[in-house]
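Following the hints, put chain B with the ligands in place on chain A, whose structure we already have.
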Amino acid sequence: MSQLVWNGLFVGSFYALVALGYSMVYGIIKLLNFAHGDLYMLGAFIGFAVLGAAGGVSAGMALPLLLFVLVLTMGVTGLAGVLLERVAYRRLRGAPRLSLLITAVGASFALEYGMRAASGADPRVYPVRLGGTSLEVFGARVTLQQLALVAVAVLLMIGLNLLVTRSREGRAMRAVALDPKAAALMGIDVDAVISRTFFLGSALAGAAGVMAGAHYGKIDFMMGFLIGLKAFTAAVIGGIGNIPGTMLGGLLLGLLESFGTFWLGGEWRDVFAFGVLILFLTVRPTGLLGERVTERV
Amino acid sequence: MAALEIDGLDVHYGGVHALRGLSLTVGEGEVVALLGNNGAGKTTTLSAVSGLVRPSAGRVAYEGRDITGAKPSAIVRLGLVHVPEGRRVFSTLSVHDNLLLGGYAVGDQAEVRRRIDRVYALLPRLAERSGQQGGTLSGGEQQMLAIGRALVTGPRLLLLDEPSMGLAPLVVAAVMDVIREINAEGTAVLLVEQNARAALKIAHRGYVIENGTCVLTGTAADLREDTRVAEAYLGGV
Ligand SMILES: Nc1ncnc2c1ncn2[C@@H]1O[C@H](COP(=O)(O)OP(=O)(O)OP(=O)(O)O)[C@@H](O)[C@H]1O
Ligand SMILES: [Mg+2]
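These protein sequence lines map, in sequence, to chains A and B.
Position 190 of the first sequence, counting from 1, maps to 184 under the working numbering, and the rest follow consecutively.
If you count the second sequence from 1, you need to add 3 to reach the working numbering.
Just so you know, these hints were derived from the structure itself, not from any lab.
These numbers come from a predicted model, not from an experiment.
Please note that the accuracy of each hint is not assured.
[Said to hold, decoys possible] To give a feel for the contact side, a few chain A residues facing chain B, derived at Cβ under 7 Å:
| id | residue |
| --- | --- |
| 1 | Glu163 |
| 2 | Gly164 |
| 3 | Ala178 |
| 4 | Leu179 |
| 5 | Gly259 |
| 6 | Arg263 |
Beta carbons are placed, not taken as given, at the ideal position from N, Cα and C, and that holds for glycine.
So that you can see chain A by itself, here it is in the shape it has in the complex (with noise of 0.2 Å):
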């Protein structure tokens, strides 16, 4: 039972982190960025190529050395990040939203098949394993490499939520998530902030890719096709464009795949996934933190 518990908020953690940068995308500019999850796929990737040149790593210097490529594709990932809204889809923001979701439809290809060609098809090994040291807590087995990633993870999404809601910067992104002429009408360079979401939303997608890296070991060119369909109905099941909901919707998903593979077996756990989407999408497309506010029209 508590196994259970721990591997879903283990999963969910990377689903939350993933979904955050779909909600913030959809947030700021009402754009289901299916090339999200090629970005978590790009980061997987970049943390290969940066522990390759790297070289040989020993044992106890794997978790330092993976916290310092963690740092180093979350700045690379994001820049892919502003450099695809840059080019894709920055020319389209008046654009009818068809136009958008298909043009990000087209990145998404472009990533995967871009990776196949510059890395070819067959999974890459991933050349950092944490070693397993496992401890008992609540009867769950939990090895130190998941403790320390999902420290990593909690650390990623409470940072984050301290940037929208108390910084400067924060209040401007929610300024132009609601109202982007109003914003401009107070200073706000729209543009400028528009990039900032995007970094910081593909720089976590990118921690989350060498984070399963790492702990899966293996690392391909078309794995973030489903998890961006999960991170996207993490984001649903929370409330898309709410942060903290976002959160809870990764969390969520995560528990109830864990439960739901237990009960029903492991080729039941996609549908889990998309039955819930489809339930939330009818029932309570808001989501369950969605836009509690009360407005006057």
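Leaving out everything else, chain B with the ligands in the frame of chain A:
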């Protein structure tokens, strides 16, 4: 030097020719009313000045400096601030956060705090409601918030688009008093209004536009006396 000089401004929205060679000036420290029927081009004029729409011809100069086609965020930093039609307060942010956003482009945080205190002194209703969400304020309070937020940016020229829209007569009078007070502290105002009577009470001069060009101009007293203005905008008084 005039606060604002608009010269021969043309704006097209696709096939719609919204402004046709419009010219007007706002002197330093002046309140100028911009009157006209629905669709005459009043909002378009303000948007072309604040950079929200790009004119296809003509020139906009602010304090002698050409700002035609500049970015809105850059124009605000120069002290030319547009309070848009329909208030557009940030509905899910608190009153205080709305005011803080007015200070976004101001580097000095102590100065932002001072300006917000001044806004609270000028508009005490906002101080009472500083923690409330902007979208839950009454229409009049939202208008005050929209103006207050603009004041925090530190404007030397304020563009106001129909601040009296949808407000009860007493509230209109209160809004006009606030505008008069802001002007008394030295800020020039270009005031777009449907409510010509209220606008001409506080304005020094005015323009009447039709179909995107200026058809009449004069001092506020002259315009109040003008029979064409009286028939069209003052209910035939
Ligand atoms: N975004 C737009 N796209 C197309 N046409 C527009 C747009 N905005 C304004 N127009 C047209 O330009 C003309 C001038 O509009 P504008 O909003 O400036 O009028 P206004 O004087 O502010 O009117 P009101 O008093 O109703 O606010 C109108 O004919 C309007 O239909
Ligand atoms: Mg208008």
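### Hints that the structure is at odds with (numbers, increasing)
1, 2, 5, 6
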